[in-house]
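**Student:** Protein chains in written order, with the numbering used here: chain W, 1 to 413; chain E, 1 to 413; chain C, 1 to 413; chain Y, 1 to 413.
Simulated from the structure, these hints should not be mistaken for lab results.
Hints may be right or wrong, so weigh each one.
Which copy is meant is left open, because identical chains are indistinguishable; a pair holds if it fits in one copy or across any two.
[What the hints assert, rightly or not] Listed below are the simulated EDC-like cross-link pairs for lysine to aspartate or glutamate, each with C-alpha atoms no more than 20 Å apart in a straight line:
1) 178 - 134
2) 250 - 49
3) 250 - 391
4) 250 - 43
5) 178 - 141
6) 250 - 395
There are 4 protein chains.
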Amino acid sequence: MSKTNSRTGVWIIGALGSVATTIVVGCEAIRRGIAGTAGLVTETSPLKEIGLVEVGDLVFGGHEIREGGLLESAREIARNARSIPESLISAVAAPLEEISKEIRTGTALHCGESIQKLWAGAPEAPVRPVEAAERLGAEIEAFGKRNGCSRVIVLNLASTEPAVEPNEVYDDLEGFRKALEDPESSLPASVIYAYAAIQGGHPYINFTPSLGASIPARIQVADARGVPHMGRDGKTGETLVKSVLAPMFKARNLKVLSWVGYNILGNRDGEVLSNGPNNLAKVRDKDDALRRILGEDGLHTSVRIDYVPSLDDWKTAWDFVHFEGFLGTKMSMQFTWQGCDSMLAAPLALDLIRLTDLASRRGEGGLLGHLASFFKTPTGVSEPAYYRQFDLLLEYARSALKDMSTPRKAPSR
Amino acid sequence: MSKTNSRTGVWIIGALGSVATTIVVGCEAIRRGIAGTAGLVTETSPLKEIGLVEVGDLVFGGHEIREGGLLESAREIARNARSIPESLISAVAAPLEEISKEIRTGTALHCGESIQKLWAGAPEAPVRPVEAAERLGAEIEAFGKRNGCSRVIVLNLASTEPAVEPNEVYDDLEGFRKALEDPESSLPASVIYAYAAIQGGHPYINFTPSLGASIPARIQVADARGVPHMGRDGKTGETLVKSVLAPMFKARNLKVLSWVGYNILGNRDGEVLSNGPNNLAKVRDKDDALRRILGEDGLHTSVRIDYVPSLDDWKTAWDFVHFEGFLGTKMSMQFTWQGCDSMLAAPLALDLIRLTDLASRRGEGGLLGHLASFFKTPTGVSEPAYYRQFDLLLEYARSALKDMSTPRKAPSR
Amino acid sequence: MSKTNSRTGVWIIGALGSVATTIVVGCEAIRRGIAGTAGLVTETSPLKEIGLVEVGDLVFGGHEIREGGLLESAREIARNARSIPESLISAVAAPLEEISKEIRTGTALHCGESIQKLWAGAPEAPVRPVEAAERLGAEIEAFGKRNGCSRVIVLNLASTEPAVEPNEVYDDLEGFRKALEDPESSLPASVIYAYAAIQGGHPYINFTPSLGASIPARIQVADARGVPHMGRDGKTGETLVKSVLAPMFKARNLKVLSWVGYNILGNRDGEVLSNGPNNLAKVRDKDDALRRILGEDGLHTSVRIDYVPSLDDWKTAWDFVHFEGFLGTKMSMQFTWQGCDSMLAAPLALDLIRLTDLASRRGEGGLLGHLASFFKTPTGVSEPAYYRQFDLLLEYARSALKDMSTPRKAPSR
Amino acid sequence: MSKTNSRTGVWIIGALGSVATTIVVGCEAIRRGIAGTAGLVTETSPLKEIGLVEVGDLVFGGHEIREGGLLESAREIARNARSIPESLISAVAAPLEEISKEIRTGTALHCGESIQKLWAGAPEAPVRPVEAAERLGAEIEAFGKRNGCSRVIVLNLASTEPAVEPNEVYDDLEGFRKALEDPESSLPASVIYAYAAIQGGHPYINFTPSLGASIPARIQVADARGVPHMGRDGKTGETLVKSVLAPMFKARNLKVLSWVGYNILGNRDGEVLSNGPNNLAKVRDKDDALRRILGEDGLHTSVRIDYVPSLDDWKTAWDFVHFEGFLGTKMSMQFTWQGCDSMLAAPLALDLIRLTDLASRRGEGGLLGHLASFFKTPTGVSEPAYYRQFDLLLEYARSALKDMSTPRKAPSR
């Protein structure tokens with residue numbers, strides 16, 4: 001049936017995580033009309049008019065390294081973060097159980113100790129990266145077929161891997177292929193997943209700070225194959241505010257002397273980040289935009305992330321901005337952001353899925369630069385100011401809108 | 001001499017106020033190379049490349065209702081707010097004494113009790129508004145002649161007057177002219193000053209929330225005469241941040257439920273605002289942009305201003321933003337802005353002078369819409385988002401830059 | 001049965017309010033072992049060792065002017081404030097329904113418009129205060145008998161009444177009696193309830209800022225009759241912090257120049273307080289301790305309360321303390337308190353019930369000064385510093401403990 | 001002359017630091033009646049009535065490892081922190097120059113790299129600790145004689161040394177003496193200074209987190225010799241607030257889940273602390289009181305200190321307290337402390353000098369436990385709550401007051 005054939009599948013890496021669970025609960029609740037669409041950028045004008053897939057029509061599956069199911073995970077969220085109401089979960093308990101059957105065991109190769117501790121069941125057998133990728137790819141493929149999906153979008157929501165130093169292996173396609181075959185290679189899981197996705201022709205979105213497809217070799221392949229992809233690291237809270245506020249100081253010629261951010265959080269992500277190397281990966285991304293907006297000259301910045309278990313999903317950030325105005329007078333601004341991380345991330349991830357689905361249907365491939373505003377470190381986009389990034393999306397939407405009203409020529413590729 | 005003939009005069013209403021004093025101290029310090037230009041928007045690219053008058057070349061005078069001189073006023077700032085260094089004031093003591101001689105007694109007609117309390121010396125004689133305007137206008141005129149200025153820009157920095165209810169008198173030119181002649185009329189001082197300025201052909205900038213030229217009848221006259229003018233209420237601190245942050249919530253489809261702001265300040269402005277009616281005028285302006293950006297639907301906003309003497313010029317604001325995200329989860333952001341008001345306002349006022357001077361030289365008249373980003377309630381401009389307003393200025397600058405590089409035709413007027 | 005005869009009844013004025021509902025839900029949950037005792041001062045040493053009544057053994061009833069029942073009220077809290085978990089409410093649904101049957105219609109005489117708006121059903125018939133008191137008293141009496149209570153403690157949790165100006169009527173017992181009989185008298189409901197309670201020999205606790213028993217004439221009667229009573233206004237959040245922090249500045253000789261507090265809240269209490277006169281009653285109490293701790297000299301304080309509906313029960317307060325240290329240097333401290341009001345108030349009210357019950361059993365009558373630390377304006381206690389007030393309670397507990405270990409003489413009454 | 005013979009000398013280790021400079025400027029300004037005594041605990045009742053030495057009568061000298069003089073140091077403070085007014089410094093310029101002549105070169109043995117970088121001039125010659133101590137002691141002795149002091153109080157204000165692991169060398173007097181003679185020993189400078197002071201019979205106060213006299217062996221010697229001494233680490237800001245607030249949560253049975261503190265500062269102390277091991281020493285002291293007040297059970301705490309140069313002396317701290325109340329509801333409190341460190345520390349150091357001088361005159365020796373409230377880690381006092389510590393001082397003052405009014409017997413030693 002044509003209806004069935006046009007379904008869009010979503011394959012989530014980290015399928016039992018808090019963000020993934022919130023996505024699935026949210027979609028099922030919206031489908032039933034018992035939840036609103038606040039937080040979804042794609043439900044605002046003009047984005048809601050460009051023919052995006054309905055969130056209630058998405059089909060979910062994914063990889064996970066922990067045990068359990070979505071219902072259990074949702075109830076844990078209700079109990080600990082008190083964010084999703086218990087009654088809402090009860091109302092979607094049946095589909096959560098159903099979707100849990102589409103979850104397969106993933107891989108935690110070279111993810112660092114903090115992540116590997118989460119691994120459930122028998123230890124992962126050592127395999128060459130390419131073998132792992134083939135197995136993962138086959139599972140994605142089977143999911144799409146089983147559910148009659150015309151396309152499957154792969155979304156990385158797994159915990160942050162340790163920061164990887166720039167490495168020539170990843171710059172060069174040949175080197176990368178060798179690494180894939182090398183049983184001793186240290187290719188991290190996120191790269192293997194990204195390889196599996198793109199190799200299978202599946203659009204790929206990296207919502208985490210992990211490498212994923214953001215390496216020159218991966219980008220080359222994806223572009224060559226015309227697979228839409230974008231990353232890295234969803235811009236959900238403190239960094240969003242930074243990229244909104246910093247251009248104000250610049251525009252007003254108020255010299256920012258210091259901008260320090262202190263982030264505390266208590267979810268599984270926080271636990272993984274409390275590990276030094278994983279923390280570094282995150283901190284690097286959070287600070288970068290600031291330096292690009294304000295310039296390096298005399299600017300002091302720092303970002304700290306501490307694990308505070310009692311906060312659970314309520315990521316809290318305190319930022320202190322010290323700036324110099326007229327006649328050298330030092331002034332300050334401070335803000336405290338208290339956001340429920342999964343509730344901020346889930347709708348953005350859904351936005352990305354819908355927009356990537358559209359890009360795919362419109363025949364667009366390679367890096368989706370117009371999605372830059374969703375990411376802390378948008379691959380291939382140098383503009384760091386939020387509103388300028390958002391303008392890229394608005395322009396895209398306006399152009400899509402125009403295309404809808406004019407007879408379409410066949411897509412160019 | 002052509003040099004002398006092209007000097008730009010600046011006539012400040014409220015010439016001994018904290019902002020006015022900071023402007024003069026700053027210009028003299030910059031001229032001597034002992035202070036930098038932080039806080040001046042016009043010292044950033046591309047604005048600094050469009051041929052603006054040097055701040056060190058401005059000539060100052062003004063009206064004031066209090067007694068004293070600029071040196072005394074500067075020392076009071078150093079002592080109370082500890083913002084301007086004592087040694088900087090000593091270095092410009094001589095010019096401060098000199099400029100103080102160019103200050104004349106202003107008017108406080110219908111400014112409300114809080115302002116009239118500040119009046120020094122013998123009580124103001126009751127006069128018809130038109131007589132007051134003629135006297136004020138003659139003093140501005142004489143200042144310009146005495147100092148060989150080719151133009152005098154009039155800048156309103158006087159304390160906020162009580163809010164005035166919409167009044168048909170101000171809508172209609174005929175009614176306005178009658179009010180000017182009526183000894184019983186309640187035309188407030190700011191309108192009389194604005195009338196005097198525009199009648200004399202002097203560009204006029206209203207940095208305060210008072211009415212000034214922002215009444216339909218005034219705008220008509222100014223436009224008819226081709227006099228450049230703009231207002232109202234400099235956007236220096238908390239309101240600036242609001243107009244930067246609010247569009248972020250809108251763009252992210254995070255439903256703002258409540259946005260409350262609590263402002264405390266201790267300078268003369270605060271003292272005047274502690275009076276109910278004057279407070280109202282200010283509060284109304286601070287809240288307006290928010291409602292226009294976020295929409296009225298279900299939004300609760302409030303702004304409080306309290307007078308806290310010990311803060312002196314250190315205006316401190318706490319804002320609490322309560323918003324709803326995915327699945328109805330309520331989250332919050334709060335910020336504290338601690339700015340030294342005069343240090344924020346003075347460079348912006350200088351920016352406005354320089355840009356108005358340029359407009360005047362370029363033969364532009366009427367409302368200067370491209371200056372919207374400097375104001376809380378930009379007359380005639382409906383765009384409330386800061387960065388969109390700032391784009392208007394950037395476009396203007398780029399266009400001015402292009403004009404500079406192409407042979408100029410004679411200005412159109 | 002002796003067990004039945006020694007039961008302690010609790011009669012709550014404002015029985016369907018958020019605090020009352022939380023008290024009942026909490027007691028039922030603790031009784032069933034499905035909730036802990038955090039927040040209960042009487043569960044810490046040495047207070048937990050002095051033979052207090054178990055919270056699970058209390059019997060509840062009360063007066064209310066709104067319609068509805070406790071289960072409905074509890075579910076409203078779960079839905080709006082997301083504070084009480086839905087599953088906890090389900091577990092105690094049956095007793096909530098049962099206790100709701102013990103709620104009678106109260107009075108809203110002279111409570112001001114904001115409170116009278118809440119009145120459900122047919123308008124209250126105008127009656128002389130004494131008649132109202134007799135009716136209310138009879139209902140309390142009947143509740144006690146029906147439930148086999150050896151004593152009934154009356155607890156005022158009703159919304160704040162408008163501030164009442166000092167009034168000689170309340171100073172003099174004779175005048176007070178006349179007012180009771182006078183159909184034109186303006187005696188507010190809280191005074192009538194307090195009269196009814198004390199006249200019936202029931203210990204009386206006023207957790208609100210309303211007058212209640214805190215008038216000289218009432219105190220005289222209670223003392224004469226040996227009825228234990230105490231008030232006013234539970235010290236739950238911001239004021240608690242103030243009474244803890246202010247003595248620090250005093251001890252360190254840091255001169256507090258200004259202390260301003262900005263409180264926002266969205267529950268029914270907030271709605272009532274948004275009305276000017278009711279607000280005044282509250283603000284006066286919140287500010288008093290500060291002036292008594294820090295002295296009047298040169299101190300500027302202010303307290304603002306604004307109604308912000310979206311916050312519901314999450315009372316949020318921002319306090320800014322400006323102080324002067326060595327060599328006149330001005331420094332500051334600011335804090336934000338984000339507390340769920342009912343969750344803070346309910347355990348304190350339970351503490352007061354337990355301690356009043358003990359006092360009653362020990363034959364203590366009149367003002368219970370050792371309970372001062374629980375109140376913003378402890379009647380008859382001038383000590384404003386929290387820890388000094390808390391020491392009074394600790395001393396009392398130690399003395400009670402000593403009495404327990406020594407053979408008791410018969411109580412004096 | 002008897003007047004001269006009773007003068008009290010103050011020997012400051014770190015004599016050109018910001019706190020030392022502020023102390024000297026302050027004393028000279030108070031002596032001349034051009035500054036008040038805010039911040040001095042000893043100027044409040046009853047402490048100001050117990051016959052303490054006048055701050056204007058103190059005589060200053062000290063050791064320092066950097067070059068320069070007090071006037072230069074004071075002007076640097078005025079320029080960078082804008083805390084001391086320039087005009088105040090000019091008024092005491094002459095005595096600052098005079099007192100600078102009493103500064104001698106100290107030692108930086110085993111102070112860690114961060115401190116040794118500050119060393120001016122030719123590198124310090126390697127000497128045995130005992131030799132260094134003898135030289136330092138002789139200089140203190142000579143200062144006292146030269147200025148006719150009847151006693152010299154030694155005050156450690158030098159930068160924080162790296163944390164030292166518990167070491168049996170310091171537990172045992174014999175081992176300690178060997179270490180003093182050992183050219184290879186790693187005894188840090190603070191211990192050498194403390195040895196020199198106590199060996200010379202000079203009362204010793206350690207206002208820093210460095211070891212100083214706080215090692216068992218040192219304490220034994222001081223006690224044996226009857227030399228008054230006390231330490232460690234002045235409690236000036238965030239830690240003070242912690243030790244005031246934490247007991248409130250305890251008293252209210254609000255379970256603190258997490259208490260995290262983020263400190264940023266930019267003075268020389270901050271620079272030294274940015275070095276890992278020095279930082280650790282500080283952090284350990286800041287956190288200890290919290291755990292002792294609240295208990296270990298389930299409590300998560302952390303303290304971060306970051307160096308933010310632009311803040312200079314304006315130490316800013318953000319603390320977030322996450323606590324659980326009734327029915328498991330999580331609530332929070334956050335505070336921001338913005339204090340000028342030297343302005344807070346200087347008067348406390350003066351308080352300690354005055355009180356130590358009194359103890360010395362009253363013949364009291366050994367640990368001065370009644371000074372506990374001034375320290376983060378009061379040696380020998382286990383009580384962590386601020387107000388309880390302060391009560392020790394009040395009791396001492398009351399007892400001293402009583403002694404003054406009764407005929408004194410000869411001191412017991």
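**Student:** Taking the hints in turn, state whether each one holds.
**Tutor:** Hint check:
Only within a single protomer do residue 178 and residue 134 lie at most 20 Å apart by alpha-carbon distance; the minimum there is 15 Å, versus 69 Å between protomers. In the homo-oligomer, the alpha carbons of residue 250 and residue 49 lie at most 20 Å apart only across protomers (17 Å), although the nearest pairing inside one protomer, at 34 Å, exceeds that limit. In this assembly of identical chains, residue 250 and residue 391 lie within 20 Å of each other by CA distance both inside one copy and across copies; the values are 19 Å within and 14 Å between. With identical chains, the CA atoms of residue 250 and residue 43 are at most 20 Å apart between copies only, with a shortest distance of 11 Å across copies and 31 Å within one.
For the homomeric pair residue 178 and residue 141, neither the shortest alpha-carbon distance inside one copy (24 Å) nor that between copies (75 Å) is at most 20 Å. With identical chains, the CA atoms of residue 250 and residue 395 are at most 20 Å apart between copies only, with a shortest distance of 17 Å across copies and 24 Å within one.
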